[in-house]
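Enquirer: What follows is the residue order along each chain.
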Amino acid sequence: MVEVSLERVTKRFGRVVALDQVSLVFEDGKFTALLGPSGSGKTTLLYIIAGIYKPTSGRIYFGGEDVTDLPPNKRNVGLVFQNYALYPHMTVYDNIAFPLRLRKLPESKIDRKVREVAKMLRIEELLDRYPSQLSGGQQQRVALARALVKEPTVLLLDEPLSNLDALLRVSIRAELKRLQKDLGITTIYVTHDQAEALSMADTVVVIDRGRVQQVDTPQNIYNRPRNLFVATFIGSPPANVLYARLTEKNPSLACVEVNKARFCFEGERAARLSRLGGEEVVLAFRPERARLGTEPRSDMLSIPAEVYVVETLGRENVVTLVVGASMVKVVTPPSQVPRLGESYYVLVDPRDVMLFDPVTELNIDYIEA
Amino acid sequence: MARLALRRARAEARAAERVMGDVETLRSARRAYLLAAVLGAASLPMVLLYLLLVLSSFADTIVTGPDILEARYSLDNWLMFFRGEVAPAAGRLYTTADILATIANTAIVALGVTAVVVFTSVLAGYAFSRMRFRWRRGLMTFIILLHAFPGVALIIAVYAMYVWSSMPLARSEGAMVAYAFAFTVLARASLELPMSIWLMKGFFDRIPWEVEWSALIDGASRLRAWWQIVLPQVKPGIAALAIFAFLAGWEDLIYVHVFLYIGTAGKVKTLATLIEELTANIETSYLPVVAAAGTLYLLPTILFFVLTQKLLLEAYSGGLKA
Ligand SMILES: Nc1ncnc2c1ncn2[C@@H]1O[C@H](COP(=O)(O)OP(=O)(O)OP(=O)(O)O)[C@@H](O)[C@H]1O
Ligand SMILES: [Mg+2]
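Respectively, the protein sequence lines represent chains A and B. Take any residue in the first sequence, note its place counting from 1, add 38, and you have its number in the working numbering. Take any residue in the second sequence, note its place counting from 1, add 522, and you have its number in the working numbering.
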């Protein structure tokens, strides 16, 4: 219901810089997933938006309003804490009713709303219990109910489904997404589950060590990572990375060599490669976008490799191969089960090859001329 | 009380679950009996002495052992005590004392100490636990140092303060008595404060920040979050604190003697100073009545032990039910 924007927000805890000059816009009514490794500043970012932490510098806006100095109780945000933070001395019912009682709603209306949200999250039978009598997943749903019941303008979720079993997670996820769309709540969702992030979010924000790495659609985060960090953080297994030598640097034809395999790029790619400073380039490709072949192909990057480990997962196999001093992973169909020590060519379509500047680690597609 | 205990039990059960699963509840029964036997044997002499005191308060003589069977028992001592016939003068005449006033005085001191201690240590404990201000660490260390100071060692300085500060009031007796009460309560409470503040800080420390933040985000002001979310969670701590403070005030002799008894020239007595007075001339006093006074004096302590036994029991069964 409002657009949330951060302007050069920095947060320091003593010497630790938890957020470093973060500028972000969370669009009105959109669902944004926040991805990042542990300690990257995700929780800090949510707390700053909620008003629990004051930024060391920078401003926060809800819509056009500057809320940087507004206390949390004046912001109408819903927040599900990573550790739920339920009120231990209140029943589940009273926990959920608490924000409504603070608003002095009539008790009959409170009752209706509490039961409604409890039904949606399937915690109706738990309303009379105390938080300590609930399982982790149940506590999580109560926390979610408490955040949703007040129909906040901004919903902040810190790994709200991490403790649910796979089945419940999928169904609550769908409900949540549906509700978010129906109510049009601007939602920011922290998760470690990339599949969840990529499937639910309109926008994905990848953050590392307090800095925003990329803000984009799930498709682009996956297919066109802005830098090496995003490429290697997203995906399971993550993208393969190989260091290649630039043997030819013409704006019309640029060739790379990796483990004695040579491949030449033309057109736009060649032009960008030719502008790179050094003689090296970082190649990356996704394991599921590569194939194993017995012969090299002229229209594909064909890297000779030797099978090291094969993991059979049923629906597919993940094959780890040795390429020079590095390892790469390739996903193969179940019918193709290579044997250890066998030699293959790892075949990658040039369109699926991502190229990064080894110094800045930026994807060359994003480097401005 | 029972509800408090239940809540605490739940919190504890949850903490135990997190740390050690069901190991905690599977103590061997034999070990428990052994422990009970050892503790029982060790505390037997104390329990016996208390028992003899209570028995004597109903007997026509102070019973000390085998004479338990020979003594005659009645409510006479207690009736005499409440009639104020505590100090025999000549023959069957008694100088009377106002026992109800004495009990009321004792209660005033005890409740006063409780109120001051609870109020101050709850606020200070919260501040030390949650707020970052200048000299926070220094103050906390200082408070612990204060605790290490024995109250008796302070009394000369505190007495000087008392004499000096009560000077302007000397003309009005009513003001003097009120001041003596206030001074006694404050002085005795300050002895309890260091430990209580630390205790309270510990209780507040155990509440995760997130719970308080959550209340703020739900729309509560800082004060309301404190009152409705934080405070209810430290109720067991407050209860414990209040009990200890009450007992300290009820049983205190030194401070009560110096400020209240001497300060009002013996007009305002508490149970402790009354017993002190009665036993001062032990040859003439009728000791079974003194035993009744002593029993009353010890009653809160005894009640406390009986009650917490029940509390503990309920707490544990409550924890199992949950
Ligand atoms: N109150 C604090 N005091 C000092 N340092 C803090 C505080 N809160 C967070 N940090 C530091 O700031 C950085 C970011 O922490 P944050 O909790 O935001 O990470 P996160 O991305 O939520 O991690 P996780 O996925 O493990 O929850 C970490 O290095 C952390 O140690
Ligand atoms: Mg976190």
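Hints listed in this document are in silico derivations from the structure and should not be mistaken for laboratory results. Wrong hints could be hidden among the right ones.
[Unchecked claim] DSBU-like cross-link-like pairs, simulated, lysine-lysine; straight-line CA separation at most 35 Å: (1) K723/B with K112/A; (2) K723/B with K92/A; (3) K757/B with K92/A; (4) K215/A with K142/A; (5) K287/A with K219/A; (6) K215/A with K298/A; (7) K219/A with K142/A; (8) K147/A with K219/A; (9) K92/A with K142/A; (10) K147/A with K723/B; (11) K68/A with K298/A; (12) K298/A with K219/A; (13) K757/B with K112/A; (14) K298/A with K147/A; (15) K157/A with K219/A; (16) K112/A with K68/A; (17) K215/A with K112/A; (18) K157/A with K723/B; (19) K112/A with K287/A; (20) K789/B with K142/A; (21) K757/B with K151/A; (22) K92/A with K112/A; (23) K112/A with K789/B; (24) K215/A with K287/A; (25) K287/A with K298/A; (26) K157/A with K287/A; (27) K151/A with K219/A.
Enquirer: A separate judgement is required for each hint: does it hold in the structure or not?
Expert: Here's how the hints hold up against the structure:
Straight-line distance between C-alpha atoms of K723/B and K112/A comes to about 29 Å, which keeps the hinted pair within the 35 Å bound. Among the hinted pairs, K723/B with K92/A is consistent with the structure: their alpha-carbon atoms are about 25 Å apart, no more than 35 Å. Between the alpha carbons of K757/B and K92/A the distance comes to roughly 31 Å, so the proposed pair stays at or under 35 Å and holds. At most 35 Å may separate the alpha-carbon atoms for a hinted pair to count; K215/A and K142/A meet this at roughly 29 Å.
Under the criterion of a C-alpha separation no larger than 35 Å, the hint pairing K287/A with K219/A is inconsistent with the structure, at around 49 Å. Taking the CA atoms of K215/A and K298/A, the gap is about 49 Å. The hint is violated against a cut of 35 Å. Note on K219/A and K142/A: the hinted pairing holds, with a Cα-Cα distance of about 27 Å set against a maximum of 35 Å. The hinted pair formed by K147/A and K219/A meets the criterion: a straight-line CA distance of about 23 Å does not exceed 35 Å.
Between the alpha carbons of K92/A and K142/A the distance comes to roughly 28 Å, so the proposed pair stays at or under 35 Å and holds. Proximity of K147/A to K723/B is assessed by CA-CA distance (about 39 Å); at most 35 Å being required, the pair is judged violated. About 47 Å separates the Cα atoms of K68/A and K298/A, which puts this hinted pair outside 35 Å; it is violated. Proximity of K298/A to K219/A is assessed by CA-CA distance (about 52 Å); at most 35 Å being required, the pair is judged violated.
Simply put, K757/B and K112/A have alpha-carbon atoms about 29 Å apart, close enough for the 35 Å limit, and the pair holds. Of the pairs offered as hints, the one joining K298/A and K147/A is violated, with about 73 Å between alpha carbons and a cut-off of 35 Å exceeded. Only pairs whose Cα atoms come within 35 Å are accepted, and K157/A paired with K219/A is accepted, the gap being roughly 19 Å. Our distance criterion of 35 Å between C-alpha atoms is met by K112/A and K68/A, whose separation comes to about 22 Å.
The hinted pair formed by K215/A and K112/A meets the criterion: a straight-line CA distance of about 26 Å does not exceed 35 Å. For a cut-off of 35 Å, the pair hint linking K157/A to K723/B is broken: about 40 Å separates their Cα positions. With a C-alpha separation of about 58 Å, the suggested pairing of K112/A with K287/A is violated against the 35 Å cut-off. The straight-line distance between the Cα atoms of K789/B and K142/A is roughly 54 Å, outside the 35 Å bound, and the hint therefore fails.
Distance hint between K757/B and K151/A is fulfilled; the C-alpha atoms sit about 30 Å from each other, no more than 35 Å. Distance check on the hinted pair: K92/A and K112/A sit about 14 Å apart at the alpha-carbon level, within 35 Å; holds. With a C-alpha separation of about 58 Å, the suggested pair K112/A and K789/B falls outside the 35 Å cut-off, and the hint is violated. Restraint check for K215/A and K287/A: not satisfied, since their Cα atoms lie roughly 48 Å apart, outside the 35 Å limit.
Proposed proximity of K287/A and K298/A is supported: the alpha carbons are some 18 Å apart, at most 35 Å. Between K157/A and K287/A the CA atoms are separated by roughly 63 Å; this puts the pair beyond 35 Å, and the hint is violated. A C-alpha spacing of about 19 Å is found between K151/A and K219/A, which places the hinted pair at or below 35 Å, so the restraint holds.
Taken one by one, the earlier hints fail for this structure at numbers 5, 6, 10, 11, 12, 14, 18, 19, 20, 23, 24, 26, listed in ascending order.
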